[in-house]
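The listed protein sequences correspond, in order, to chains H and V.
Letter by letter, the first sequence follows residues -19 to 415 in this note's numbering.
Letter by letter, the second sequence follows residues 4 to 272 in this note's numbering.
Simulated from the structure, these hints should not be mistaken for laboratory data.
Bear in mind that the values here come from a model prediction, so they are computed numbers and not experimental data.
Careful, some of the hints might be misleading.
Claimed, not checked - Each computed EDC-like pair below joins lysine to aspartate or glutamate, with the alpha-carbon atoms no more than 20 Å apart:
hint: 1; chain 1: H; residue 1: Lys38; chain 2: V; residue 2: Asp89
hint: 2; chain 1: V; residue 1: Lys135; chain 2: V; residue 2: Asp224
hint: 3; chain 1: V; residue 1: Lys240; chain 2: V; residue 2: Asp224
hint: 4; chain 1: V; residue 1: Lys98; chain 2: H; residue 2: Glu34
hint: 5; chain 1: H; residue 1: Lys96; chain 2: H; residue 2: Asp146
hint: 6; chain 1: V; residue 1: Lys98; chain 2: H; residue 2: Glu379
Claimed, not checked - Quick list of simulated restraints, FRET-style, between CB atoms:
hint: 7; chain 1: H; residue 1: Arg337; chain 2: V; residue 2: Asn241; range: 50 to 56 Å
hint: 8; chain 1: H; residue 1: Asp57; chain 2: V; residue 2: Phe190; range: 22 to 28 Å
hint: 9; chain 1: V; residue 1: Gly225; chain 2: H; residue 2: Gly67; range: 48 to 54 Å
hint: 10; chain 1: V; residue 1: Gly181; chain 2: H; residue 2: Pro32; range: 43 to 49 Å
hint: 11; chain 1: H; residue 1: Phe298; chain 2: V; residue 2: Phe88; range: 21 to 27 Å
hint: 12; chain 1: V; residue 1: Phe88; chain 2: H; residue 2: Val48; range: 19 to 25 Å
hint: 13; chain 1: H; residue 1: Glu302; chain 2: V; residue 2: Gly181; range: 25 to 31 Å
hint: 14; chain 1: H; residue 1: Phe298; chain 2: V; residue 2: Asp220; range: 50 to 56 Å
hint: 15; chain 1: V; residue 1: Thr238; chain 2: H; residue 2: Lys66; range: 32 to 38 Å
hint: 16; chain 1: H; residue 1: Asp57; chain 2: V; residue 2: Ile103; range: 27 to 33 Å
Glycine included, C-beta positions come from ideal geometry on N, C-alpha and C.
Take a look at the letters that make up each chain.
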Amino acid sequence: MFKQLLAIGLWIALCSAEVFATGGKPNAEYPIEDRFAATVIGTPKYYKAELPAEIPVKEYTLPGLHPVPKLFWYSEDLRFSVALQKGRAPLVFNIAGTGAGYKSMKMLALQKALYKAGFHVINLSSPTYLNFIINASQSNLPGFLPEDAEDIYRVMELAYQKIEADADVSEFHVMGYSLGAAHAAFVAQLDQSRKSFNLQKVYMINPPVGLYNSVSILDQLLDDNVKGGVEGVGIFLDKALNRLAASYDPKDGMHFDGDFLYNAYSSWDLSQRGIGPKGRSGAAALIGTSFRMSSANIVFASDLMSNTGYIIPPGTGFGRRERLDYYAKASYAVRFTEYVDQVMIPYLQQKYPGKSRVELLDEASLHHIEDFLAGNKRVRVVTNRDEIILAPGELKYMEGLLGDRIKVFDHGGHCGNIDSKESVADMVAFLKGGQ
Amino acid sequence: MNHKLRCYGAILAITLFFGTKSWAEEEKDDAQINQEKLEGLMEEQAPEKYEVERVVKPDVPENALLVYDPWEPMNRGIYNFNARFDHAIFLPTVKGYRAITPDIVEKGVSNFFSNLGEVNNFVNNLLQLRMKSSAITLSRFVVNSSIGVAGLWDPAEKFGMHLQKEDFGQTLGCWGVGSGPYLVMPFFGPSSLRDVTGMGVDYVVDYNIDLLDMNDDTNKDGIRIGLTLLDAVDTRKNTGFRYYETGSPFEYELVRYTHGQLRNIQIEK
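Taking the hints into account, I'd like the entire structure generated from these sequences.
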């Protein structure tokens, strides 16, 4: 106990020393070296970019594509948010990562950073977010990048129509983080033929290369780091929540989109983090669990919307007050790779006869738009040397493909440094450059 | 600069290393929370296509997220009512309140109600035999009601006397009363039979102590209603939760589960 206190004391002392030495906030690189801890904790306060506390944001809705089932009565209409400058400015479409909505913490931070730098910003939910699956996905089966891009592009057009009268736009850019980064690239490629926006720049933060690879890695994190795999998640969550509860502040609200568990981890004191038996890491377990919670949302919602009968027996009618715990349990048991192999691929093979599994998986990767990405000066990628969602060789592949248009930070894991000073500076510099 | 950073990382690594032990220890003494039931449910892991139905058989004996909720249909109805009320009336009111009221006044209102709440905190700390917390609560009340001008400011916090929030639901829990069935209250949100009872008791205590001398006032009903409404708006303002914005179709289950966990922790603390 004393040793732990001492270590924490030393750490704090060093932090303060660092602060005093530079006469204010340290102007240093992102400090967390453990890739999983970085992913979970995010950017410590002193390294965060300075962002305004509040910016003028308006929320809008678009009518949904499908009749909304009774169970999802609360999610009628697609929602998105817009922050507009007073005068003429470039507009950035900002696309959320896996399972995240337009209001997730990362999205809000990016919106503030862009607004502060003088851009109009439209924040869009990920096609894998409940509200998007219900209202804006043609197939209701998100995750196949070319089709997702069609859906997003349609939403971008309608969203812009809504605000066209109020916004004085000089040019259009698109960006996103995580899965949203891959979406941004596919959308930009689509724009080359559609030309609705003539998108000028594409900024990709921590993109996956092969979606299936990334999903496999995240699935595996749960199996490797939660004791007993998915069966142990209940017990693991009990513990995680116990710690969250210890410092829970009702002001923070609740989100079950990933931010939630990350908050839980951040609220643990340092002595409770670290590597457990058999190399199990608490942070990695949280990432795995958080991903599984997101994927369960997708699996259940897309199953209900598209009647594939995967989780929900065909013909089941849901009322507004339906009991869902068994379905929740079943959805949590599904690995996302299983969902891809057992639902997505069969659906796609039916739709595009003659395509093999390998071909389809390849289309859901950056390889598919390689020609667009290579040598395209309008594209920039930022990622981290210790990124967790890239399979071996994928970082090298991107470096080879993009040359000096990829920036690789040493630390940050997956999006852990997204709102750090350097990251925000890089984003603003690229989007502003050459204006 | 760079070697300094290395140092920094090393220290962080050391801190994480010392953390190793507690994580490992925890892994060993797993709380055996319905492990059997979970295992039963999850036995047929890795479902094949269409086989997930097996997992969702309605005859699986216990619900998965392990909360006693026999009044679920009613609770869900009220949950949905609350969501609509929140969206149509409550949140717009809070928004209006925030727009017309300067931040410093909002803070004063929050402090004022928090100070009135000290009566219940004191009684319940006492009932739980938490003498130190009772003393802190009493001192807070005295300091904030005087120096803090009827509780509009919270100078006690600055003197290191932190709020010791306790309600009668927690007191019951402290003496071993189980939570009873989960209950969603209209307007108030997630609760339980025990905690609703506790709220009633707290209200009666409040009413009889009558801190603001309202019971003799000729306009007492009007004042009471006004204060209750302001209290409600203030409480909503300080609560970040938004219905159906969690992004999960299983929000009801997750909120129910999380609420129960949070209450248990508050009781144990």
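Structure-based check of all given hints:
no., hint, in the structure
1, H:Lys38 to V:Asp89, "19 Å, holds"
2, V:Lys135 to V:Asp224, "36 Å, violated"
3, V:Lys240 to V:Asp224, "24 Å, violated"
4, V:Lys98 to H:Glu34, "14 Å, holds"
5, H:Lys96 to H:Asp146, "19 Å, holds"
6, V:Lys98 to H:Glu379, "48 Å, violated"
7, H:Arg337 to V:Asn241: 50 to 56 Å, "52 Å, holds"
8, H:Asp57 to V:Phe190: 22 to 28 Å, "26 Å, holds"
9, V:Gly225 to H:Gly67: 48 to 54 Å, "50 Å, holds"
10, V:Gly181 to H:Pro32: 43 to 49 Å, "47 Å, holds"
11, H:Phe298 to V:Phe88: 21 to 27 Å, "23 Å, holds"
12, V:Phe88 to H:Val48: 19 to 25 Å, "20 Å, holds"
13, H:Glu302 to V:Gly181: 25 to 31 Å, "27 Å, holds"
14, H:Phe298 to V:Asp220: 50 to 56 Å, "52 Å, holds"
15, V:Thr238 to H:Lys66: 32 to 38 Å, "36 Å, holds"
16, H:Asp57 to V:Ile103: 27 to 33 Å, "29 Å, holds"
Checked against the numbered hints given earlier, the structure breaks hints 2, 3, 6 and satisfies all the rest.
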